[in-house]
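J.: Each chain is listed here by its residues.
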Amino acid sequence: MRQLTEDETKVFFEKLAKYEALMKQAISVGRDQLISLGVCFGKFTKSKKFKLHITALDYLAQYAKYKVWIKPNGENTFLYGNNVLKAHLGRITDDTPEHQGVVIYSMSDIPLGFGVTARSTVETRKLQPTDIVAFHQADIGEYLREQDTLF
Amino acid sequence: MDDSTQKSKYKPVTVEKPIPLQYDLAILAGFDTNALDESRLKNDADTYLEEYTRDGTQLIINQIFKLPVTSSDLGVMAELPDLVTVLPREKPLPKPKPLTRWEKFAKIKGVQHRKKSKMIHDEATGEWVPRWGYKGTNDDGANDWLIPVPDNADPFEDQFTKKREVKKERITKNEARHRRNVEEAEIALNQSKGVNDVNTRSLRRTELQKQIIISKTATASMGKFDKHLEGEPKLKGVKRKFEPIIGDVKKEKESSLNILNKVVGKKGDIVNVRKAIAKRDQK
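Chains as they are written, first to last, in UniProt numbering: chain L, 1 to 151; chain C, 1 to 283.
What the hints contain is simulated information worked out from the structure, not anything from laboratory work. Please note that a few of the clues may not be correct.
[Claimed, not checked] Simulated crosslink set (DSS-like; lysine-lysine; CA at most 30 angstroms straight-line):
{"#": "1", "chain 1": "C", "residue 1": "Lys216", "chain 2": "C", "residue 2": "Lys250"}
{"#": "2", "chain 1": "C", "residue 1": "Lys275", "chain 2": "L", "residue 2": "Lys48"}
{"#": "3", "chain 1": "C", "residue 1": "Lys251", "chain 2": "L", "residue 2": "Lys46"}
{"#": "4", "chain 1": "L", "residue 1": "Lys65", "chain 2": "C", "residue 2": "Lys224"}
{"#": "5", "chain 1": "L", "residue 1": "Lys48", "chain 2": "C", "residue 2": "Lys283"}
{"#": "6", "chain 1": "L", "residue 1": "Lys51", "chain 2": "C", "residue 2": "Lys239"}
{"#": "7", "chain 1": "C", "residue 1": "Lys262", "chain 2": "L", "residue 2": "Lys43"}
{"#": "8", "chain 1": "C", "residue 1": "Lys216", "chain 2": "L", "residue 2": "Lys67"}
{"#": "9", "chain 1": "C", "residue 1": "Lys250", "chain 2": "C", "residue 2": "Lys236"}
{"#": "10", "chain 1": "L", "residue 1": "Lys48", "chain 2": "C", "residue 2": "Lys239"}
{"#": "11", "chain 1": "C", "residue 1": "Lys275", "chain 2": "L", "residue 2": "Lys49"}
{"#": "12", "chain 1": "C", "residue 1": "Lys250", "chain 2": "L", "residue 2": "Lys43"}
{"#": "13", "chain 1": "L", "residue 1": "Lys51", "chain 2": "C", "residue 2": "Lys283"}
{"#": "14", "chain 1": "C", "residue 1": "Lys262", "chain 2": "L", "residue 2": "Lys51"}
In isolation and in its complexed conformation, chain L is listed as follows (with noise of 0.2 angstroms):
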């Protein structure tokens, strides 16, 4: 990696450009007819809650302080819209607390959702293999499971 020469960052930013200028016609399209614009974060409930969707992931996992990577065999699982067990527990971040929102990783590094802690990184160490370590809140399948509802 190195720093842009001039002209290099010049046809970087016409690139860019080029997404700005999509992004200014698209409001000029209906709300009702347009399905998205930009990325989708998550949705507000009728009751004012804020959910989270998966398209978010790419940002979270970027940022997230707290991890949970799983082992091969449970990404099935999970990637079908289950909870976490102890058994497939690879690795958590130490010192996470209960019912912190964490970003789950396949054990190679490949952010496939997140959830939250069932317990805290002390308290899984003691967990039978079937108890829950975290609750499924988004996982990559939704991506095929919830086309229709996701943007």
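Since chain L is already given, all that's left is putting chain C on it; use the hints.
T.: Coordinates of chain C only, in the frame set by chain L:
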């Protein structure tokens, strides 16, 4: 001889006090403003207080014997005077009621209120009847057996019904005036309390409209399938206003960061105690 033994047996009925006592015989009380003898109170408190009390009681009884008496089956009774002691009023004085429109007008014009007797003499029947109200005389001839039709009136019009209706109208009009007086009094009361100058009537109106709106949505379908009344205005909710999607980027960034600081800026525990202990134990 007899007199001298009496004197030795009983104390004298006359008591000498430098300042005469004040009495309120209605509650059988006397108030002694003389100073107490301090040296006797210290050295010989019991006998002194006993004597002091006896003297006071003697004085009250002397006063009671001066009162006018009446004799009855029960014996001779003294008539107690009225209460002298002024007791403070328990509740504050009632505030003057706000004037009605007529009272204000009468005050300006100097109209005097002359008290009229309630009963008046009805010459037709020769009886005393109330001036107004139940069985009163102000029925405006509605009870007459005959009413002459005025010259320029419609001959087929019922004069009795007309009179009754006119009276009914007067009553409703008076009731409206009464209501107005009550409302105005309420406003005046609010103003005296320092409440903002709120027109009670308009306030009640908006309140009522709010309640109507709420009651309309109080069905299983939130009022969606209800029959609409004719001429009923369409309900308008609060219209939300949004910033344009592409606007001032700088401003948007600033406001977003402000909100973020409010949400995240709260300072939590700076030191992770558990981690610190673990680290210390490692060393």
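J.: Broken hints, numbered, in rising order?
T.: Failing hints, ascending: 1, 2, 4, 5, 8, 9, 11 and 13.
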